[in-house]
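Novice: Chain by chain, the residues:
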Amino acid sequence: MAGNLSLLVFSPLVFGILLLVVRKKGNWIGILATFFPVIVGSFFFHQYFKKGIQSISEKWPWISFHPKGFDSLKDPSFLTIDYELQLDGISLAFILLTVLLTFLAAILSWNIEKHRNLYFLLLLLLEIGMLGLFVAANLFLFFIFFEMTVVCLFFLSGKYGEKGKEKAAFHLLLYNGAGSAFLLFAIVLLFLQTGTVHIEQLQHLLHTGSVQLNELTKWSIVLSILIAFGIKMPVFPFHQWMVLMHSHVHPAIVILHSGVLLKIATYGLFRFGIGLFPNEWEKISGLLLFFALVNIFYGSLFALRQMDLRRVWAYGSVAHMGFVLLGLALGSETGIRGALFQSISHGLISGLLFLIVALILTRFKTTDIGKLSGLRQGSPFAVFLLFVGGMASLGLPATSGFIGEFLVILAAFEHHPMVGTLASVGIVLATGYILRAILSISYGPLPSMEGEKGTTKDFYSDFSDENKGNNWKWNMEKKRDPRVTYEVYEWLPAIVFVLFLIGLGIYPQWLIEFFVGA
Amino acid sequence: MVSLSAYLTVALIVFCIGLFGALSHKNTLIVFLSIELMLNAVNLNFIAFTKYGFFPNISGQVIALFVMTVAALEVAIGLAILLTLYRNKKTIDLDEIY
Amino acid sequence: MDFSYEWHVMTPEFSILMTIILIGILDVLLPKKIDRKWFGWLAVGGTFLSFGLFLTLLPLDRTSILFDTFIFDSFAKGFKFILLFGGTLLLLLAVGSKKEQGMEKYEMEFYVLLLTALFGGMMITSSNDLITLFIGLELVSVSSYVLVGMNKWSKKTNRAALTFLMNGSLATAITLFGMSYLYGIAGTTQLQTFLQHFSEVSNPATRYLYIIGFCFLFIGLSFKWTTMPFSLWAPDVYEGAQTIVTAFLSAFSKIIGLIMFFRLIFTVFSETVLDQHVMFSIFQNSLLILALLSMTFGNMMAIGQRNVKRLLAYSSIAHGGYMLAGIASFSAHSMEAVTYYFLVYSLITIGAFTIVSYITDGNEADEQTFTGLFKTTPLLAISLTIFFISLAGLPPTAGFIGKWKLLISIIDGGSPIHYVTAIGMIGMTIVSYAYYFRIMASMYFQYPNKEEKFSVRLPLVILLFLCIAVTFLIGLLPNFGTPTWI
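Residue numbers (UniProt numbering), protein chains in the order written: chain Y, 1 to 518; chain B, 1 to 98; chain L, 1 to 486.
By construction, these hints were calculated from the structure, which means they are not laboratory data.
Don't take every hint at face value.
Facing chain Y, a subset of chain L residues (Cβ under 10 Å, in silico) [to be verified]:
1. Gly24
2. Val268
3. Met335
4. Ile408
Straight line, CA to CA, 27 Å or less: simulated DSS-like cross-link-like pairs of lysine-lysine [said to hold, decoys possible]:
5. Lys155(L) with Lys24(Y)
6. Lys163(Y) with Lys114(Y)
7. Lys24(Y) with Lys450(L)
8. Lys98(L) with Lys155(L)
9. Lys98(L) with Lys152(L)
10. Lys155(L) with Lys90(B)
11. Lys90(B) with Lys450(L)
12. Lys114(Y) with Lys375(L)
13. Lys26(B) with Lys155(L)
14. Lys156(L) with Lys26(B)
15. Lys37(L) with Lys375(L)
16. Lys32(L) with Lys98(L)
17. Lys453(L) with Lys24(Y)
18. Lys450(L) with Lys375(L)
19. Lys90(B) with Lys26(B)
20. Lys98(L) with Lys156(L)
21. Lys375(L) with Lys453(L)
22. Lys89(B) with Lys155(L)
23. Lys24(Y) with Lys167(Y)
24. Lys163(Y) with Lys450(L)
25. Lys152(L) with Lys26(B)
Predicted model only: the values in this text are computed from it and were never measured.
Ideal Cβ placement from N, Cα and C applies to all residues, glycine included.
Extracted from the complex, chain Y is given alone in its bound form (with noise of 0.2 Å):
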C-alpha cells in the first residue's frame, strides 16, 4: 500500500511530463493528464467504500529539527517532521472534488492558445497542490501544498484572462500571503510547543492535555488559524481579492478557483480549528456567527446590485460561504456536516455557474446584465443551465444546493433560533439576486451580435496575442448559429454539472456517508 497516495497526488505528472516534451496537442495531453486523477481517485473511492477501509494512510521519515546537543535516543520523534499523507472520508469527498472540477475545467479550456502548454502545466502543478493538501496529514505539508496552490493559481490568473487580471492576481498573492503568513505562524509556534506537526499527535496531545499551552500561545495560534482561513474563504472584510478573481479571470481557471480552491477553508478550519481547539472553538462562537450573518447578509445584499453577472456569482459566492462558516461556527454534528456538504456542493454549483459565463462569454463577449437579454430565444441550452444552476444556487430542493443549506438551517435552529431565522432571510434574499440575474439575461430581446463576421476575437485568446485556432470563425464558415450550437467540450462538462447537482440533490446521503467520522 505504500506509495499509493504519493500515486495519488502527483498523478497529474503521470501524463503531465508529456507537455515538457511534446509541443503540439497541449490540450489533449492536458485532458488526458487530469483524467488519470479521477481514476486514481475513483480507485481509491471503490477502495474506500466496497472495502470498508476508514482511512488510508502513507508515512516516510523526512527532516528533523533537532537542536545542538539534543539526546536524539530519549524521544526520537520530537520535533522531527514526517512525509506523511492520511486518507479518511472527509479527504476523499474534497479529492473527489478537485479531480472532478480540474478534469473538467481543462476540457473547457480546450481552446486555450497562448503558452498552451504552459498553462496546462500550472493547471497540474495546481491540482498537485489541491490533492497534497487535502490528504497532508500535517500541518508542514499543508502549508507547502497551500503555497503551491497560490503561485500557481497567480500565474494562471495573471496570464489567463481579461483586462485587469494582473490586478486580481496580485490581490490573490498578497491577500493569501498575509493568511499563509498567519498560517505560518501559528504552525512553528505549534512545532516547537509540542514538537510535532502530525494532525492526530497534536489532537491527541492537545486534547489529553500531556501539553499544556499557556492562554497567550493558545488564543495567538487559534486567532491566526481563524485569520488565515478567514481570508481564503473569504470572511467579510477580506473578500475584495475574491470578487476581483472571479471578475477577471479566465472562467476554467474561476471554476477552480470558486469550486476547490475556497473550500480549502473548509477543510483547514474543521481540521484545524474544531479539530485542534475544540474548547476555544466554542468560545468564539458567537464571533464566527455574527461574522457568517454578515458574510450572507453582505454578498446577498452586494449580490443584487451588481450589473456583471460574474460579480454577482462571485458575491453569491461570499454569501454561500457564509452559510459553510455558520454551519461551522455552531459546532454540532448536523453544521458541520452541513458546512461540509454545503461545500462540496457549492464547489459543483460555481463551477456550472462559471461553465455559463464561459459559454456566454465566448457568444456574446460580455457578461454585463443590462446588455444581455433574451437568451431564452438565442440559447436555450444556456438558459437551461442558468436554471439548474441558479435554482442549486438558491436552494431549491431535489438539487444538492438545499440539503446544505438546509442542514447548516437545522443546527441553527437547534441552539440558536434567531440566528436560523435570519439566515433564512438570507436565503430569500438569494433568490431574489439570482432570479434577477437569470430572469434578466433570459428574456427580452436578442441582442444584435457584436462584431462583424469573423473579426470578432475569441475570449479565450489574449486579446494582443495572434489568434490562430479562433473557434469563433470556424463556426462562421460551417454556416452554424454559434448561439445555438455548442461544442463537445462545452456541452460534456456541463451535462456532468448537472447530474450530480440533481443526483446529490435527489440521494445526499451518497455525500453523507463520506463525513460520518466528522
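Chain Y is fixed; fit chains B and L onto it per the hints.
Specialist: Positioned in the frame of chain Y, the structure of chains B and L alone reads:
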C-alpha cells in the same frame, strides 16, 4: 606615571576627531586622512593596553604593526581609485562626483 | 616545543594560494599575444582541487595548528563548504560570461582577486585569533574594493568604488577600535583565552568597556553584511559595480562578514559571564531590533526600485536582517539554521545575479529588460522564477526551509521580543512578494519589447543547473543541507 585612562581618553578624542572629519569633509583626501587618524587612535589603544592592560602582553603591539600595514594598503588602493576617478571627472570633491 | 604541525588541514587554503600565485606568474611571463581566457578554467581547477582536498578532511575531528590560531572544527567545515561552493559558482559565472559583460579586459585581475577573497574567507572561518580574523577580513575587503572599481573607464563604477572604499575603511577603523577595547580587557588575541580572561576580570568598569567594544565591533562589521546601521552604501555600490562583481558582493562578501561575527559570538560573547549576567543577553534585544529594522527598511525600499540591481541590493539588506535575527536569537537551533540559510542564500543570490548579469549588458539593469523574458528565453525566465521564489521563501524550494529554520530558531528564544521579530520576519517576507512577483509578472504576463533571444552558454547552464539542483535537493530533503558534520 601616566595612567591607562589618560591614554584611552587621548585615543578616544583622536578617534572622534577622525570620525568627525571623515563624516563631515567633502574632500576625499581629507576623508582618507581622517580615517588614518582613526586607525592611529586604534594603535594608541592597542599599545596602551599592551603595557597597562589587565593582562599586559606583547600581542597588542603585533596588532598595531598589522594595523599600520593595512592602513597603508587601504590608502594605496584608495589613491588608485581616486586617480581613475580624477581621470574621468577632473574632481576629487565628494559633492561633485555624483 | 613541538613544531610538527598537521599541515594537511590547511591544504585547501594552500591550493587556493598556489593557484593565485600561478595565475599571477603566468600572466607576467606569458607573451602578450596568448589568450588569457583559460585562466578562468585554471582558477576553477584550483578551486576544485581545494574542494577535493577539503572533502578528504571532513572525517577529521577538531584539529588546531599554529598555536591554536588555525582550527578546523565543525564550524569551519560548514562554512568552508559554503564558501568553496559559492566561489566555484562565481568562477563559473565569470568563465561563462559574454563579451558585453565586460570581463575580457581583466582576466587575470578578476580571478586573482576573487581567489584572494576566497582565501581570506576561508582563513576567517578557521581562525581562532583576533589577528588572523582581522587579516582575513582585510583580504576580503581590499580585494572587493578593487573588484568593484575594476571597470575603470566608467564614471559610475569609479563612484561606486570610492563610496565602497570610504565606507569600508571607515568600518574597518570602527571595528578595530572595538577590537582594541576587547583586547584591552582580555589581554590576549586568542579567542579561547579571551573567554577565560573575561570571566576572571571582576572590575565593574570593564563591563562598560566590554559593551563599548562590542558595539563598535558590531557597527563596523555590519558594514560587511549590509544590515542596519551601516547598510546605505549597498544600493549605490551594487548598482555601480559590474553585475558579476555585484554577485560576488551580495553572496560572498556579505556572508564573510556574518561568518566573522558569528564566530565571535559563537566562541566568545555568548559564553561570557560578567556579574552573573550572560553578556550577550544585554545585546540580544538591540540586535533583534536592528535585524527587524533592516528587514523592514530593505523590503520597503525594494518595492519602489525599478533598477533590478538596486532592488536586489535592498533585498540583500532585508536578507541580512533575517540572518542577523537568526544569529541574535541564539537558541539551540541557530547554528544549524543560520548555516543552512547561508548556504541557500549564497546559492540563490548567485543564481539570480547570474541571470541579471547575463541579460543586462554592462551595468544597466532596468526592469524593462525583463519584460517578456519567458517568451524570448524560457530557460532563463524559469530559472529566475525559481530563484525569486526561493528568495521570497516559498515552498518547495530551499528558501522556505531556510525561513522555517530561522523562524524556529527565533521563536525558540521564547521572549516577547523574539515573537515580535518572528512576526515581523513573516510579515516582511509577504511584503517581499510584492517586488519579486512584480518582476516575475513582467517576465510572464507581458510581451517583450524586442524579440531578441539570449544565447545560453555551457558554463552558464552548468551554473544554473548546479544552483537549481541544489536548491531543490536541500529544499525537498533538508537533511542533506545540514549534514552530520556541521
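Novice: So which hints don't hold here, by number, going up?
Specialist: Violated: hints 1, 2, 5, 11, 15 and 23.
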